[in-house]
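Enquirer: Sequence:
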Amino acid sequence: MAAHEIPDELINLERSAEQERTRLAGLTGDEYDAQLRRWREASAAFQAAVTEHAASAETSRYEVEQAVKKAVRHPEPENGAADE
1 MAAHEIPDEL INLERSAEQE RTRLAGLTGD EYDAQLRRWR EASAAFQAAV
51 TEHAASAETS RYEVEQAVKK AVRHPEPENG AADE
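Residue numbers for the sequence shown follow the numbering used here, so the first one is 1 and each next one is one higher.
Where hints are given, some of them may not hold.
Said to hold, decoys possible - Across the chosen pairs, the derived CB separations fall in these ranges:
(1) 29 with 5: 39 to 45 Å
(2) 23 with 48: 20 to 26 Å
(3) 27 with 51: 25 to 31 Å
(4) 70 with 31: 27 to 33 Å
(5) 77 with 30: 40 to 46 Å
(6) 23 with 51: 23 to 29 Å
(7) 28 with 78: 37 to 43 Å
(8) 37 with 61: 21 to 27 Å
(9) 8 with 63: 17 to 23 Å
(10) 76 with 19: 18 to 24 Å
(11) 31 with 9: 27 to 33 Å
(12) 31 with 5: 34 to 40 Å
(13) 19 with 77: 18 to 24 Å
Hints were generated in silico from the structure; no laboratory data involved.
From the three backbone atoms N, C-alpha and C, an ideal C-beta is built for every residue, glycine too.
Construct the entire structure; sequences and hints are all you get.
Expert: Rendered as structure tokens:
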């Protein structure tokens, strides 16, 4: 699955889940527990959307998930960005 084939909704959901995950750093006790719940909810929303997209596109759920995670965590440089 190419990056240009990934729906923006999936990208946004994965970014949201990653942001919630990074907010766990340094938290303890009740604050940690509350943030962990937010991360799990964001992750669950992403996973549900991946499953739905893969089913509707009749493609591998694994491939969809990996393509989205790669696009979010290791984005390709903009055209011409490598030349600067």
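Enquirer: Evaluate each hint against the coordinates.
Expert: Hints and how they fare:
1. Distance hint check for residue 29 and residue 5: the Cβ-Cβ separation is about 43 Å, which falls inside the suggested range of 39 to 45 Å.
2. The hinted window of 20 to 26 Å between residue 23 and residue 48 holds, with their beta carbons roughly 21 Å apart.
3. Separation of residue 27 from residue 51 is about 29 Å and conforms to the stated range, judged on CB atoms against 25 to 31 Å.
4. In this structure the supplied range 27 to 33 Å holds for residue 70 paired with residue 31, their Cβ-Cβ distance being about 31 Å.
5. About 41 Å separates the C-beta atoms of residue 77 and residue 30, a value consistent with the hinted range of 40 to 46 Å.
6. For residue 23 and residue 51, the hinted distance range of 23 to 29 Å is satisfied, since their beta carbons lie about 25 Å from each other.
7. For residue 28 paired with residue 78, a C-beta distance near 39 Å keeps the hint of 37 to 43 Å intact.
8. Taking 21 to 27 Å as the suggested C-beta distance range, the pair residue 37 and residue 61 conforms, at roughly 25 Å.
9. With their beta carbons about 18 Å apart, residue 8 and residue 63 fall inside the hinted range of 17 to 23 Å.
10. Between residue 76 and residue 19 the Cβ separation comes to about 20 Å, which falls inside the hinted range of 18 to 24 Å.
11. In this structure, residue 31 and residue 9 meet the distance hint of 27 to 33 Å, their C-beta atoms being roughly 29 Å apart.
12. Evaluation of the 34 to 40 Å hint for residue 31 and residue 5 yields a pass: the beta carbon distance comes to about 39 Å.
13. Our hint of 18 to 24 Å for residue 19 and residue 77 holds, since their Cβ atoms are close to 22 Å apart.
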